[in-house]
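Protein sequences, first through last, are from chains S and C.
Be aware that the first sequence starts at 1, since it is given in this note's numbering, and climbs by one per residue.
Be aware that the second sequence starts at 555, since it is given in this note's numbering, and climbs by one per residue.
Be aware that a few hints might be false.
To be verified - Computed footprint of chain C on chain S, listed as stretches where at least three residues anywhere in the stretch have a Cβ under 8 Å from a Cβ of chain C: (1) 54 to 65; (2) 246 to 258.
Stated by the list, open to error - Facing chain S, a subset of chain C residues (Cβ under 8 Å, in silico): (3) Leu582; (4) His584; (5) Val589; (6) Ala599; (7) Val697; (8) His699; (9) Gly703; (10) Glu738.
Note that these hints are calculated values from the structure, not bench results.
Beta carbons: idealized from backbone N, C-alpha and C, even for Gly.
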Amino acid sequence: MSTSTIVRLPDQSTARIPRMNFLSRENGLLSWLLTSDHKRIAILYLISITFFFFVGGALAGLIRLELLTPQSDLMATDTYNKVFTMHGLIMIFFFLVPSVPATIGNFVLPMMVGAKDLALPKINLLSWYLYIVAGGLMLYTMAVGGVDTGWTFTTPLSTHYLNTHVISAGLAVFVAGFSSIFTGLNFIVTIHKMRCPGMTWFRLPLFVWAHYAASLLMVLGTPVLAITLVLVVLERTVHIGVFDPALGGDPLLFQHLFWFYSHPAVYIMILPGMGVISEVISTFSRKRVFGYTAVAFSSVAIAVFGFFVWAHHMFIMGISNYAALVFSLLTMLVAVPSAIKIFNWSFTLYKGSITFETPMLYAIGFLGLFTIGGMTGVFLGTAGTDIHLTETYFVVAHFHFVMVGGMLMAFLAGIHFWWPKITGRMYPEKISQLAAVVTFIGFNLTFFPQFILGMLGMPRRYASYPPEFQILNVFSTAGATVLGVGYLLPVLYLTWSLKYGKIAGNNPWQATGLEWQTQSPPLTENFTRIPIMDHEAYDYEWLENQQQKEVASA
Amino acid sequence: MPDSPAIASSGAATAVETAHAAAHPDYLRHHFESVEQQADTTNFAMWLFLLTEVMFFGGLFMAYLIMRNWYYPAFVEASHHLSIFWGTTNTAVLITSSFTMAMGVWCAETRRKKGLLLSLILTFCLGLVFLCIKGIEWHAEWVQHHVPGLHYSVESFVNPASDPEIYAEYHDRALSPAMALRTEMYFFLYFAMTGMHALHMIVGISILGFMILRARAGSYTNGHVTFVENVGLYWHFVDIIWIFLFPLLYLVSRHG
Numbered sequence: 001m002s003t004s005t006i007v008r009l010p011d012q013s014t015a016r017i018p019r020m021n022f023l024s025r026e027n028g029l030l031s032w033l034l035t036s037d038h039k040r041i042a043i044l045y046l047i048s049i050t051f052f053f054f055v056g057g058a059l060a061g062l063i064r065l066e067l068l069t070p071q072s073d074l075m076a077t078d079t080y081n082k083v084f085t086m087h088g089l090i091m092i093f094f095f096l097v098p099s100v101p102a103t104i105g106n107f108v109l110p111m112m113v114g115a116k117d118l119a120l121p122k123i124n125l126l127s128w129y130l131y132i133v134a135g136g137l138m139l140y141t142m143a144v145g146g147v148d149t150g151w152t153f154t155t156p157l158s159t160h161y162l163n164t165h166v167i168s169a170g171l172a173v174f175v176a177g178f179s180s181i182f183t184g185l186n187f188i189v190t191i192h193k194m195r196c197p198g199m200t201w202f203r204l205p206l207f208v209w210a211h212y213a214a215s216l217l218m219v220l221g222t223p224v225l226a227i228t229l230v231l232v233v234l235e236r237t238v239h240i241g242v243f244d245p246a247l248g249g250d251p252l253l254f255q256h257l258f259w260f261y262s263h264p265a266v267y268i269m270i271l272p273g274m275g276v277i278s279e280v281i282s283t284f285s286r287k288r289v290f291g292y293t294a295v296a297f298s299s300v301a302i303a304v305f306g307f308f309v310w311a312h313h314m315f316i317m318g319i320s321n322y323a324a325l326v327f328s329l330l331t332m333l334v335a336v337p338s339a340i341k342i343f344n345w346s347f348t349l350y351k352g353s354i355t356f357e358t359p360m361l362y363a364i365g366f367l368g369l370f371t372i373g374g375m376t377g378v379f380l381g382t383a384g385t386d387i388h389l390t391e392t393y394f395v396v397a398h399f400h401f402v403m404v405g406g407m408l409m410a411f412l413a414g415i416h417f418w419w420p421k422i423t424g425r426m427y428p429e430k431i432s433q434l435a436a437v438v439t440f441i442g443f444n445l446t447f448f449p450q451f452i453l454g455m456l457g458m459p460r461r462y463a464s465y466p467p468e469f470q471i472l473n474v475f476s477t478a479g480a481t482v483l484g485v486g487y488l489l490p491v492l493y494l495t496w497s498l499k500y501g502k503i504a505g506n507n508p509w510q511a512t513g514l515e516w517q518t519q520s521p522p523l524t525e526n527f528t529r530i531p532i533m534d535h536e537a538y539d540y541e542w543l544e545n546q547q548q549k550e551v552a553s554a
Numbered sequence: 555m556p557d558s559p560a561i562a563s564s565g566a567a568t569a570v571e572t573a574h575a576a577a578h579p580d581y582l583r584h585h586f587e588s589v590e591q592q593a594d595t596t597n598f599a600m601w602l603f604l605l606t607e608v609m610f611f612g613g614l615f616m617a618y619l620i621m622r623n624w625y626y627p628a629f630v631e632a633s634h635h636l637s638i639f640w641g642t643t644n645t646a647v648l649i650t651s652s653f654t655m656a657m658g659v660w661c662a663e664t665r666r667k668k669g670l671l672l673s674l675i676l677t678f679c680l681g682l683v684f685l686c687i688k689g690i691e692w693h694a695e696w697v698q699h700h701v702p703g704l705h706y707s708v709e710s711f712v713n714p715a716s717d718p719e720i721y722a723e724y725h726d727r728a729l730s731p732a733m734a735l736r737t738e739m740y741f742f743l744y745f746a747m748t749g750m751h752a753l754h755m756i757v758g759i760s761i762l763g764f765m766i767l768r769a770r771a772g773s774y775t776n777g778h779v780t781f782v783e784n785v786g787l788y789w790h791f792v793d794i795i796w797i798f799l800f801p802l803l804y805l806v807s808r809h810g
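Pulled out of the complex, with its shape left as it was, chain C reads as follows:
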């Protein structure tokens, strides 16, 4: 029995097949009709994936904002123990990395192999620098006994003068013992949020590493740039998360 003839009028089908044979590069997956459809589809999928990421981080932001509203004094004083210097530096590092990533996408689109390699390596390194700085900060919190659940101490908050440098800068008042306990909540959320962000950075850096190897072999500069574009979208997204984290976590009392 023949296939139902309704499925394709033969004229149109031939047209489709000719177009098929004309442009069939090896990166075109079997189930797509054209390179444009493939690029469109994977791009759309990436945007959708980022949407799920927004919802994922959204839960954390929600929890943070509620707790910050409830325990505002504790969150203010706890945030004073973060280093705005390192935070700002890291923000700059990340924004720069987004720039180099965008350069990478542009180089791939315009088939500049050297430029692509350079951009990817720069992005890769800037990502590592970000993580190192984050590591320095986490180490400082460990030293100050501000890692929740392990060996947390409220000393800096019931007795602010015990930390002369920060006291000199902010003149924080001593919190009541009950409120001082809530600083642990701040640091819990701080570690959860920056940790989750760092995890996304590690994933991004690993993918970049993989891309550098592929790019050296000549991938991405052959006209098939979807993968670079999508990784770029991911990288910018992780960047944007940090853009929100930085003021929320570091600049709690720095408004108006």
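Pulled out of the complex, with its shape left as it was, chain S reads as follows:
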């Protein structure tokens, strides 16, 4: 491991952060609140989603503490219901959905396509304000007593039987949905219309392809969730229901409409993460992503297939056997493009010059954890086994492997990878490698036991459980503590690095993306001249030639 680094930093005794950059250009609170610079909006988003991540994380901590013992003793059972509901709502709609797209995507996507900004800068800012309004509504909901329907708003439970704050929570998700729609819309338009000369579709970094696919889902899926929530809110206020069987409505219709969004939503959450992994794996193995075209199309395939699998959430809800059969088969189809990605990343590593900087550690963690998460998804997609496993901790473990093991790992990989670009400074390497390892260990300790618990039949969403399940739950809670440390560490050292980190220079990783060929932190206009893309994506030879030319001319 002694020589295994690709990091090339400028001479620290002479290096300076460029005097003119997007951070130094204007000062004051208003220059941030009224900005239309995609990079500043990305930072606003980063701060807000980190806040909500820790709120959701604290709730997760409460859940794990309660489950330390078989009885319900830390909190009353209905409090527990509220805690897991708020955990789900906050983590999904206020962290996972906007996590990579609204922060990293917002920051680097326009630079990757060689544009000065997203196509609609003001809509981008509006999207952040909608997020804040929605977040405020959600915090209000929590402050006045929370909501206990589960994040799925299941009817008629949510419309008829509960006296918690379904309306404000529903409105919060409604507004957050529009924030997400505007982000997706902006990305699609930008990718279509704002590419620089020479930037053809198949020269785009795979990060952009992944965001394109995720944006399609945001734009097509989210409005359906929005109208569904409108109907839930109307049903609760007017007491007439298309979803309430007592009033002639159909609760299954709610499930169909809800999962029509909420299943694609898991691809909204994971696809941008996959984009990050493509960039990181290529950079740290010094090779073009193996099977570029296949990986690019697999993102689109996931998005397309993703729209035709929603009823696998409903196998035990009384849909017909034939529907179950068809949706079961279609679900397995999604495994194909996902596997294409995993295999192609593995082949990228093959005979690559691999180095193990922090982003790469997170990315490798992603490969393992996402594979487990994805494979267990096939168990759940199989109608027969699903009937045994659904509504148990197996499902909880499965989606946490994909969402936390997959997406959160990818998010952290991306944050570390682009941190030098965003701030102009390096994070401390050793401690961040430690954090990556701690996160990986903590994660497995937390969620692997839950697979076994689910197999044994422990149902999800209960505050108490039979005493024989305690040992595995203790493991899980202990793991959650380790995981908590793993997440706190980056907050501390990344904040520290803002002032004390080493000067990163333009391209510390020797990466090929256009965003690395400009100063860090970038200018408000991103580039001094509109770039012209004259090579393929991930062309490391091109990069070497460039650097030799630079040395020669200097």
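Starting from the known structure of chain S, fit chain C onto it as the hints suggest.
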């Protein structure tokens, strides 16, 4: 350190910059290269936004069609209590407003300030007329106790003769009490759908009001017509939603 020279070969960059300086009107936003790119981009964004609207209304239409299939007799008789006269009038009003809106876009493109103002004002007024007629209809439903959730009464459906005018026209049979209850579902969906549509109308009318003020000051007839075009697209879209709502809600039993 210089910027990586790979970013732009200098010749091409100069060409871009010259083109830049030649055509740089003040409505060209800083991050676009040309007016064409800007117009293209915002147009595309508008189409995408309309796509999200299609999905949004799609959920409602889906719910409506399923319920209508389940409770067809209730939906037929409930629809008889809407006024086809007002519905048709409103359809005509809205289609006319789409025409005046299209005229507005044409006037903006051909830089006819007076024509643009007239078209926008006409569209604005027709939009208001639509809302007023919708208001008349909603009032009628309120009077007949057909507003769901508030003071709904199934009297007209278990005893059709209680409403002599409609009975004379359709000779509806009395529904069973269970089916009569489902008429409330019809009116719920009716109010949800027409309400959501009216909300879109209000948004459109407000934007038109804003545009009339701007157009008086000379905007939109200076060659920069993207905004007018996009509002036009939105207006036509809201119109099309109504074109679907009208037969679905008013003409349930009027086929074949």
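Outcome of the hint check:
1. Coverage of the stretch 54 to 65 of chain S by chain C is violated. Counting CB-CB distances below 8 Å, 0 residues qualify, and the rule asks for three or more.
2. With 6 residues carrying a beta carbon less than 8 Å from a beta carbon of chain C, the stretch 246 to 258 of chain S meets the three-residue requirement, and the given coverage holds.
3. Evaluation of the Leu582 (chain C) hint against chain S yields a violated restraint, the C-beta minimum of about 12 Å exceeding 8 Å.
4. Restraint check, His584 (chain C) versus chain S: the minimum CB separation of about 7 Å is within 8 Å; hint holds.
5. The restraint placing Val589 (chain C) at the interface with chain S is violated, with a minimum CB-CB distance near 13 Å, outside the 8 Å limit.
6. Here the hint on Ala599 (chain C) is kept, as its CB sits about 5 Å from the closest CB of chain S, short of 8 Å.
7. Because the smallest distance between the Cβ of Val697 (chain C) and any Cβ of chain S comes to about 19 Å, over 8 Å, the interface hint for this residue is violated.
8. Interface restraint check: His699 (chain C) against chain S, minimum CB-CB distance 14 Å, threshold 8 Å, status violated.
9. Checking Gly703 (chain C) against chain S by beta carbon gives a least distance of about 3 Å; that is within 8 Å, so the hint holds.
10. Given hint, Glu738 (chain C) at the interface with chain S, holds; its Cβ is 6 Å from that chain's nearest Cβ, closer than 8 Å.
Going down the numbered hints, you'll see the structure goes against 1, 3, 5, 7 and 8, while the others check out.
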